[in-house]
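**Q** Protein chains in written order, with UniProt numbering: chain A, 1 to 402; chain B, 1 to 402; chain C, 1 to 402; chain D, 1 to 402.
In short, the hints are calculated from the structure, not lab data. Keep in mind that this is a model prediction, so the values were computed, not measured. There may be inaccurate statements among the hints.
The list cannot tell twin chains apart, which means a pair is met if one copy fits it or any two copies do.
Unchecked claim - Straight line, CA to CA, 27 Å or less: simulated DSSO-like cross-link-like pairs of lysine-lysine:
| no. | residue 1 | residue 2 |
| --- | --- | --- |
| 1 | 334 | 344 |
| 2 | 174 | 334 |
| 3 | 37 | 302 |
| 4 | 174 | 302 |
| 5 | 334 | 302 |
| 6 | 344 | 302 |
| 7 | 174 | 37 |
There are 4 protein chains.
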Amino acid sequence: MVGGGSDAFIGAVHRSAAVLDGRTEFTAGALSSTREKAIDSGRALGLPDGRNYGSWEEMLEGELSLPDEERIDFVSVVTPNFVHFPVAHAFVESGFNVVCDKPMVLDSGQARSLVNAVEEAGVVFAVTYNYSGYPMVKQARHMVREGHLGEVRKVIVEYSQGWLATSAEENGNKQAQWRTDPERSGVAGAVGDIGSHAENLAHTVTGLEMAEISADLNAFVPGRRLDDDANLLIRYEGGARGVLICSQISTGEENNLSIRVYGSEAGLEWRQENPTELLLKPAAAPAQVLRPGNDYLCVEAKNASRLPPGHPEAFIEAFANVYAGVAEEIRVRKGEREPGGAEKGFPTVYDGARGVHFIEKAVESARSERRWTDARWRNATNGNVASGNGEKPNRRVQGHSG
Amino acid sequence: MVGGGSDAFIGAVHRSAAVLDGRTEFTAGALSSTREKAIDSGRALGLPDGRNYGSWEEMLEGELSLPDEERIDFVSVVTPNFVHFPVAHAFVESGFNVVCDKPMVLDSGQARSLVNAVEEAGVVFAVTYNYSGYPMVKQARHMVREGHLGEVRKVIVEYSQGWLATSAEENGNKQAQWRTDPERSGVAGAVGDIGSHAENLAHTVTGLEMAEISADLNAFVPGRRLDDDANLLIRYEGGARGVLICSQISTGEENNLSIRVYGSEAGLEWRQENPTELLLKPAAAPAQVLRPGNDYLCVEAKNASRLPPGHPEAFIEAFANVYAGVAEEIRVRKGEREPGGAEKGFPTVYDGARGVHFIEKAVESARSERRWTDARWRNATNGNVASGNGEKPNRRVQGHSG
Amino acid sequence: MVGGGSDAFIGAVHRSAAVLDGRTEFTAGALSSTREKAIDSGRALGLPDGRNYGSWEEMLEGELSLPDEERIDFVSVVTPNFVHFPVAHAFVESGFNVVCDKPMVLDSGQARSLVNAVEEAGVVFAVTYNYSGYPMVKQARHMVREGHLGEVRKVIVEYSQGWLATSAEENGNKQAQWRTDPERSGVAGAVGDIGSHAENLAHTVTGLEMAEISADLNAFVPGRRLDDDANLLIRYEGGARGVLICSQISTGEENNLSIRVYGSEAGLEWRQENPTELLLKPAAAPAQVLRPGNDYLCVEAKNASRLPPGHPEAFIEAFANVYAGVAEEIRVRKGEREPGGAEKGFPTVYDGARGVHFIEKAVESARSERRWTDARWRNATNGNVASGNGEKPNRRVQGHSG
Amino acid sequence: MVGGGSDAFIGAVHRSAAVLDGRTEFTAGALSSTREKAIDSGRALGLPDGRNYGSWEEMLEGELSLPDEERIDFVSVVTPNFVHFPVAHAFVESGFNVVCDKPMVLDSGQARSLVNAVEEAGVVFAVTYNYSGYPMVKQARHMVREGHLGEVRKVIVEYSQGWLATSAEENGNKQAQWRTDPERSGVAGAVGDIGSHAENLAHTVTGLEMAEISADLNAFVPGRRLDDDANLLIRYEGGARGVLICSQISTGEENNLSIRVYGSEAGLEWRQENPTELLLKPAAAPAQVLRPGNDYLCVEAKNASRLPPGHPEAFIEAFANVYAGVAEEIRVRKGEREPGGAEKGFPTVYDGARGVHFIEKAVESARSERRWTDARWRNATNGNVASGNGEKPNRRVQGHSG
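Could you put the whole structure together from the sequences, leaning on the hints where they help?
**A** Here you go:
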């Protein structure tokens, strides 16, 4: 693990998620940007001295110096955004598998470069769009893809929080500080931090690619340099329409991520704060409440549960499903396991690149006088629109994003 | 009553709402556009022959020929949209009080003319934006106006239905036929039919006036001539932002009208399909669930309930609250009752005009290349922005829209 | 109407419910137990002087003196409990149809006598177990009766309120005063007032007859003479088990009536405070949310709605459904309408008698040392167990209780 | 770990829960009752050969043969019920700390013996009444204990499942087989398996001790030898009343555990299937929705969350909180950590003994002709009623049950 020292809540989530299923051990790390804090954090978390590194560069060197079978199987990059690229790129180039937090990198140039590196190195690369790990998201995805909704016409995706409704960054909140700082977060605030989750959720569930967007970005808190609220109209390829709402000034909201998809034959609805319910709303029959652990679910959703129905699993378990997918894929690559069958999908470097593209386009649209901004994402490395080409072997095996 | 014969569900709602509290009797009508159906409907509903008119013109004449104290106290206009103006205008000019269905008229010209007529005649004029009659909407309005939310920053208002997801107008559904027909409905479909309710709800609760809008209107069902889905970004006067979503192709939704308002200190949420719950979400305290009939509510909300807590009241009762407000105001005008105190507000001709303006601007925006379309509503008759001027005696006494 | 003057909330509900559908007019009354208040109330409510009676005896005499076609079609008895019997009995004996509030009478002796009178007079007699009028209760009843749940095994019915958690009767609350007074309410408090509703709801939905009960009645508020809380275990004929919970000291509950029924193949759940949702929970498929106004409902549930889906109807509308059933049945009796088809059921004198029996048995059980108290209800007039005999023509035509 | 091999879902839960927070490693086990399966399971789960034991007796011997600092810190007993006692007793006697699944043992004799052993050995002993680990249960407990509800008058606790609505035990379901088998489960079925959870939840939240109970136990599925459904009336010491409902034949219910507590000043409500909401319902103010991770919670509830508000934690995390409490207490005992302050409580051997007592009394009551069965629990070892004596140092430090 790189980053994720004692202060950082997301580091602990990654560790819990990784070990939850007993497939992964936490064996090495460079847990902070300053040597002393890194070493202290590693000690507190029980890392052996030899692999408790003072910086990610030392870690890379140290792990490379170990015999193959002793090296880490993968590295998790959980630093602030601006550090993702150098770390991820360096580890990929050295042949390590990588799990990287989102947004993957700061701009499309970095994204292109990273996609190239991953394709050349042939490593497993996951981006922790963790919400895609929820069983009922997998079920939603399944139902849309299988046509249970008919032709998809409308997507409403929302991610509303309230924790930045006041100037938390000026009151010592470290999360708030780096997330509202363009140097460390990139060109966008709320759009980058949570809008990218919303975009990924919509894409994961529907497979739709954005064609054009119209974004209204706002910074409500005086002195804030990045957007803390954003509302977008979306036109998808193929004619579907969308609305994406994200906000960190929606007072009283905690972590209100939700998606609704309306097709010609049914609608569906899922809300992250009550993640064990998926509503299917047919045109002329009673709405159905689908819940995890039941036999009536698709195999991907069933595989994503550890417990019988009614024993709720939540955020950490969904996060763990991303790690479980990575662990499985690594085993396939190592030849320890047959591919095919019940693979657990996970978001890949292409999802990461799409997310970075979305953030850039949202900012571009917000600054434009024109109503619509072209937001088509073309695969960084070959100029094709990614959706539907399906030719990348890497993606067929790994990913959600087929 | 003009319109509202046997076929029309909304006519029956108006009648139930009007008589619910025992303050109004159904005494005269011209219930259909064809003489025979009008007479038949009136008979079936128990109108006395002498006041069961074959056309609205005959009704106007007939009622005018009666001595003052025998005439109807007010007329309800519940015809398809395109008939609202001539009927309402004629009755207003003859000095009758009017309750008119929404959207009030077809365009701003008609609206201006009607506002003028109402101001000159000094009659009571209500538009049945019935959702404003719900007790918890009145409470929401109270809390926003009293500053319980702090400064309002964001409004998300939505009205989603699914009943036009298929081509109902080609399958004999009469409601669908006139509502999708530009000749009878005006320039907009979903925006006019339900978007205008959403606009009114947002304005009623927050008092905010739209400055600019950016609208994406769509017609998903092949052959449909008016929008059946619309999504709007809104910039309000004073800096608040909004999203307005309306749709009649959101399969599986029944009548899903909801509003959320986020202020600097708290958020609130109300959903029409579960109208007895109003959520208040403070920044740093547990969310509160406010429910009708309780002593902790404001006087307007308390006055809008007939029953003790836990005995739900719903759509018809909210509708009846509009009628109760009109009946009360008429009594005040007649001198039968002191003004002041616990008046029940109701939407006025100004709300109606604002709604028509909104519909026009949404259509204009959807056709524009520019991102933002000016949507400021100026009082039809004096060129001032209506909000905040507060000088119209009519509005001070009557209305919600101060 | 007898009773229901200005003070009494339930009188207003009866009037609103009766007139809601335009089938009934409020034409005569003796609205209070004291002449002066009766006359004042009647005037305030617009009764013509000639039929604004000072006592129910005068009203009975006055109406009898009118020609048949001018008399009231039925009388609503909405007095405190102890007055139900004399009024209802006298009007029945004089051949009037009666709508009577619940609990119907004070004891089984009165119930027997009233059943006899109704059978002899052949009048229509309804008891306002109004919760049976909700569309989704009718749907629940339909699904149980049609076997959608398989064999019914367990019923959990609950009616919890909190308004008597303090000594409201000593603080000037008139409702509290008579409801906690054995002279006016009878042998039971909460059990009589709301437990009887719960019993009726369970019977209406399932058709099950109680065999044995075990009741724990409590009076939590010091000085209270009747129970304010009761919990019962039930063994039904045929082997099903039940739990009935009722309380008026459940602080924070408003009017929380709910029922759950578990069968061998599915369960169902309905809650009065959110009456537009009926949950069906099959053993091996997603739960379904059934809502009023939809085509997938049974005919009785469809007939019980006035509005399209998503336009909620609630307490008054359910109450109005009882009145609509009575109005329809009276028309059938008068020969104005063919029987059969879409009759709207309503609770009859037998439901009323069953309820009184239940109250007596609950009190008896609470005083007994034995675990189980026989609670089988036998038809007052012929000694047979009522359920299943189905021979009473009166009941076949009228009622819910077949 | 003893038990919990590949088949057993609860074994995996224990392991995930134990490692979730990085404080515990899975180092040794005897994972099945047959040597071969035990060894295979251990291997599959990555146990080192030297500590992958073929039986619990070997494990006890093996661990005792290790130097103190290499031994397991505690053993988790997750076998079918009838094996709990011998294993737990043997490990306790040898001085090992123990985490034991519920119900702790088969009868009061065993419970007494185990309590004695724990008191003599002075070890840490936890029973995995895991639902007490939910943050909002800790908050509920806090609010009741601090008097936010006033005097507690009524408790309604329910645990309804539907998975045994059919004869699953005859269709190869292993869980169903041992849970419906008196030889392996003890005297009770549903009451032992889930009723004991409900009893513990009610006691944990309220601290109330049962005085008398009246139980109706049923076996609905033909051929079943233990109860699959039970309903109890409860009279608590001090005058509160209760209802306990538990069932495994409530078709369509998954794992519906809920509790409601009504006091003289407020009520509260919590539902396990949506565990992040705790409703507080004051008498005269809006209901409040309390949610995990917020500053307004008590310290015990705050300590029980790992994530910010809106990032739901669920079953495994609650389970992990029990383990975290044990780990902490062990550290205190070892002197690695100061006692006091933010200790995480967990259910102790006394909670386990109370649960066994409850099961026995429920069965006794169900067989009795008398209405009420004395159900007072006296501390197995000293004859005192446990509640309120507060003298056991062990309990003061460790437990929930003070």
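**Q** 27 Å Cα cut-off: does residue 334 pair with residue 302 within a copy, between copies, both or neither?
**A** Within one copy only: 25 Å inside a chain, 42 Å across chains, cut-off 27 Å.
**Q** Have a look at residue 334 and residue 344 and pick one of within, between, both or neither, based on CA distance no larger than 27 Å.
**A** within (17 Å within a copy, 42 Å between copies)
**Q** Check residue 37 against residue 302 for me: Cα-Cα at most 27 Å, and say if that holds within a copy, between copies, both or neither.
**A** The answer is between: 26 Å across copies meets 27 Å, while 41 Å in one copy does not.
**Q** Are the CA atoms of residue 174 and residue 37 at most 27 Å apart within a copy, between copies, both, or neither?
**A** within (15 Å within a copy, 50 Å between copies)
**Q** Evaluate residue 174 and residue 334 at a C-alpha cut-off of 27 Å and name the case that applies: within, between, both or neither.
**A** neither (40 Å within a copy, 35 Å between copies)
**Q** Between copies, within a copy, both or neither: which fits residue 344 and residue 302 at Cα up to 27 Å?
**A** Within one copy only: 10 Å inside a chain, 33 Å across chains, cut-off 27 Å.
**Q** Using 27 Å as the alpha carbon limit, work out where residue 174 and residue 302 are close: within a copy, between copies, both or neither.
**A** between (38 Å within a copy, 20 Å between copies)
Violated hint for the displayed structure: number 2, the only one.
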